[in-house]
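Colleague: Sequence:
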Amino acid sequence: MRIDAFLRESPMFVVNRAARRFESLTARVLAADGLGFIEALVLAALFFEAPRQVKPSQLAETFSTTRGNLSHCISSLEAKGFLQRKIDPGDARAYLLTLKPQGRRCALRVIAALDRLQKDFESEIGKTTLAEMLHSIHKLETRATAR
1 MRIDAFLRES
11 PMFVVNRAAR
21 RFESLTARVL
31 AADGLGFIEA
41 LVLAALFFEA
51 PRQVKPSQLA
61 ETFSTTRGNL
71 SHCISSLEAK
81 GFLQRKIDPG
91 DARAYLLTLK
101 PQGRRCALRV
111 IAALDRLQKD
121 FESEIGKTTL
131 AEMLHSIHKL
141 ETRATAR
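Taking full-length UniProt numbering, the leading residue of the sequence shown gets 1, the next gets one more, and so forth.
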């Protein structure tokens with residue numbers, strides 16, 4: 001199609017297409033545990049932050065997602081028995097999140113799976129090229145949010 005040349009040179013199209021493909025890839029990788037990508041990141045973050053408890057708002061900010069999206073993920077993970085939320089004793093309006101034992105085991109599987117993907121990407125294009133690409137994407141993202 002005539003638009004093909006534009007699409008090959010469009011960072012917005014290429015990043016969007018890559019995001020859809022990465023989403024599909026992570027869905028396959030995380031399918032055994034029935035997790036979405038953000039759910040997997042929540043488990044990994046809680047694992048690495050332990051024993052410190054984490055507020056959902058911290059995760060939403062870290063993952064650049066909405067509190068509503070994160071609330072949905074937390075409810076799903078709680079229903080699966082992976083985490084628990086407790087009322088923050090310092091602020092009764094807020095929750096603190098911690099992993100349950102089953103969540104810790106799942107987090108370890110998630111971390112291993114994401115680490116394998118990272119190693120595959122580094123092996124495919126090299127650590128330096130990957131770092132440069134990420135730097136370029138971050139620059140474009142910053143430019144897009146400044147508009």
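By construction, these hints were calculated from the structure, which means they are not laboratory data. Some hints could be false.
[To be verified] With beta-carbon atoms standing in for the labels, derived distance ranges:
1) Glu124 / Phe48: 21 to 27 Å
2) Ala5 / Ala144: 18 to 24 Å
3) Glu78 / Gly126: 20 to 26 Å
4) Glu23 / Arg104: 47 to 53 Å
5) Ala112 / Gln84: 37 to 43 Å
6) Thr66 / Asp120: 45 to 51 Å
7) Phe22 / Asp91: 20 to 26 Å
8) Ile137 / Gly90: 34 to 40 Å
For glycine and all other residues, C-beta sits at the position ideal for the given N, C-alpha and C.
Colleague: Next step is simple, just say for each hint if it's right about the structure.
Modeller: The hints, checked one at a time:
As the Cβ distance of Glu124 to Phe48 is approximately 25 Å, the hint placing it in 21 to 27 Å holds. Ala5 and Ala144 have their C-beta atoms about 22 Å apart, which keeps the hinted 18 to 24 Å range intact. Between Glu78 and Gly126 the CB atoms are about 40 Å apart, so this pair departs from the stated range of 20 to 26 Å. For the pair Glu23 and Arg104, the supplied restraint of 47 to 53 Å is violated, since their beta-carbon distance comes to about 25 Å.
Between Ala112 and Gln84 the Cβ separation comes to about 23 Å, which falls outside the hinted range of 37 to 43 Å. Separation of Thr66 from Asp120 is about 30 Å and departs from the stated range, judged on CB atoms against 45 to 51 Å. The hinted range of 20 to 26 Å is not satisfied by Phe22 and Asp91, whose Cβ atoms lie roughly 35 Å apart. A C-beta distance of roughly 37 Å is found between Ile137 and Gly90, which places it inside the suggested range of 34 to 40 Å.
Of the numbered hints stated above, those contradicted by the structure are hints 3, 4, 5, 6 and 7, listed in ascending order.
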